[in-house]
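S.K.: Sequence:
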Amino acid sequence: MFSDYKSIMVKKNDTITKVMETINDVGSRIALVTDDKERLIGIATDGDIRRSFLEGHDLGDAIGLIMNSSPVVVHENYDRLEMVSKLSDKYKEIPVVNDEGKVVSLLTLQDKEIFLDIKSMKVCVLGLGYVGLPLSLVLADQGFKVIGYDIDQARVDQLNEGFIPFHEQGLDSFFHRHLGGQFSISSDLGSVDSDIYIITVGTPIDDNTKTPIIEYVESAADTIGTKIKSNNLVILRSTVTVGTSRNIVLNRLEKSSGLKAGRDFSLAYAPERTIEGNAINEIQELPQIIGGFDQKSTLFADQLFRELTSTIVDVGSLEGAEMVKILNNTFRDVKFGYANEMALVCRELGLDAVKLIQAANLDYKRDEIPMPSPGVGGACLTKDPYILINSCKDIDVPTEIIRYSRIINELIPRRIVDDIMQEIEALNKKIDSLKIFLIGFAFKGDPETSDIRGSTTIDVLNFFQDKGIQDNSFYGYDPVAVNDDIRSLGVKPSSLEEGFKNADIVLIMNNHKSYKNMDIFSLLDSASSDCVFMDGWYTFDPNDIVTINSIKYIGVGCRI
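Each step along the sequence shown adds one to the number in my numbering, with nothing skipped, and position 495 is 495.
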């Protein structure tokens, strides 16, 4: 706060000239017009003075003629967040008054940084998965005291023993640097004392109804409600339907705590928009979207995330921030759906979709078309379009583009299996003696991840099994995914050499960069006669592959 506020106090009969000299001497942009008891009766800014000249006033006029007699003020008993929440580019200096209206200080825009000592606050992150654990460790690395909470005792035990159950670039070094110091882990929220609670739990989709399951969010809100105190902040980061923060989380927090949002505690939505495999970097580089219940909540969240990244974007509401997350991911799914539909079209027309898309994109600065793929996988893109569709269920707006893109992306794995099995039948190979080698179980290869949730490889595996192919037929390889995860699918983990040897069917299912280094000619030479090779990511030129004796090539968008 401006400590020398008395030096800019003036009387209403002081001339404009005197007031200008006063504020210029101090280096302020505002004069506080007070009575004889230092009670505020108005303010005059340099802008007010400039406008007064345009209105015909002269330097000898009294400042009381041009002052703002109804200025924005804050009371000295406001809590710190209520005070600084009033500051903005429009109101850069605000008088602080007591019960008598007497000026006791001047709040300035710089107080947003000084007044809110955000790093002194403890943070609790609920959910230690692919979203919560990287966020926890970036917060810890920036100097926050962070408590990671998870209801899964086995995961908590793993982490406390120093084992991270999934791969994320850069996570390991952050984890071992801060575990036991800035970062601690617990499965007992009752023992946690925090100022800021961040909910990062999952919101999966029901397989049958395609509606989001939010019981984990509800449970987290209920639990936090028993813990929060006055001036705490709750941030929802899980992907949810528009309106969840206000209509569900807020209500449950208030019911469990007996407190009121805005008056007693703050609530904000701040979506996670990072890409798995590069989450640590993107938390610190991407603009952070925020939407608060009120201005105080927005400012609180702003101050927290400003410690992590340089760009904060306030979208004005909880609902706006919820919408941004599903806008991003649904748009990506729609783009990929278009590319995959064009792959189907080109294939039926006897054209190579990949080569045509490459030609269409070459030096064309607008609307780059994605490459087709063996479907669209992952925990986010397979569910977020459904979350957006569910957000629209009570409004009269069609969502057919979104819905149909999902249909196309879910169709591709089935079409791959159908095409392969047509080749197998034409070759008169027996189903019960097939060896099928699946390469790539993580839902994507670049950036690399170990996450197999929503992987289209699992869809392909299930469709093969629907054809009557037994588990002992399947071999699998992934350079990053955990072998136990592969084994849990009924697939035998193997090396590339073991998998290719005598294989009847080989599928490349994700785009890990290491596949380019495979000696594909030697490996395919070791496969069975008339091996069907499905290259889902155009890793190798089809024209090269078909030169290998008796290999049957299938790609997404072409067939040779």
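Think of the hints as simulated: they come from the structure by calculation, not from any bench.
All values derive from a computational prediction rather than experimental measurement.
Any given hint might turn out to be false.
In silico SDA-like links for lysine to any residue, alpha-carbon gap of 20 Å or less [to be verified]:
1) K229 / G101
2) K90 / D294
3) K429 / N472
4) K12 / I66
5) K12 / R51
6) K227 / E254
7) K12 / G101
What follows is a set of in silico ranges between Cβ atoms, one per label pair, in the way DEER data are often shown [unchecked claim]:
8) D466 / G162: 39 to 45 Å
9) N483 / K90: 55 to 61 Å
10) N281 / R414: 31 to 37 Å
11) R306 / I369: 35 to 41 Å
12) Q470 / E285: 43 to 49 Å
13) L411 / K229: 48 to 54 Å
14) K260 / N483: 50 to 56 Å
15) N160 / E348: 40 to 46 Å
16) S191 / V73: 37 to 43 Å
17) D367 / K260: 20 to 26 Å
Ideal Cβ placement from N, Cα and C applies to all residues, glycine included.
S.K.: Can you tell me whether the CB distance of N160 to E348 sits inside 40 to 46 Å?
M.R.: violated, 55 Å
S.K.: Please verify whether K229 and G101 have alpha carbons no more than 20 Å apart.
M.R.: Status violated; Cα separation ~30 Å.
S.K.: Given the hint that K90 pairs with D294, test it: the Cα-Cα distance must not exceed 20 Å.
M.R.: Answer holds: K90 to D294 is near 18 Å, not above 20 Å.
S.K.: Given the proposed pairing of K12 with I66, does the C-alpha separation stay at or below 20 Å?
M.R.: Holds, at roughly 9 Å.
S.K.: Quick check: does the Cβ-Cβ distance between D466 and G162 fall within 39 to 45 Å?
M.R.: holds, 41 Å
S.K.: Is the gap between the beta carbons of D367 and K260 within 20 to 26 Å?
M.R.: violated, 48 Å
S.K.: Quick check on a hinted range of 35 to 41 Å for R306 and I369, using CB atoms only.
M.R.: holds, 37 Å
S.K.: For the pair we were handed, K12 and G101, check the Cα-Cα distance against 20 Å.
M.R.: holds, 16 Å
S.K.: Has the given pair, K227 with E254, been kept, meaning a C-alpha gap of at most 20 Å?
M.R.: holds, 11 Å
S.K.: Given the hinted pair K429 and N472, is their Cα-Cα distance within 20 Å?
M.R.: holds, 16 Å
S.K.: Using the C-beta atoms of Q470 and E285, is the stated range 43 to 49 Å upheld?
M.R.: 47 Å Cβ-Cβ, so the 43 to 49 Å window holds.
S.K.: Falls inside 48 to 54 Å, the C-beta gap from L411 to K229?
M.R.: At roughly 51 Å between Cβ atoms, K229 and L411 fall inside 48 to 54 Å, so the hint holds.
Hints 1, 15, 17, counting from the list given before, are not met by this structure.
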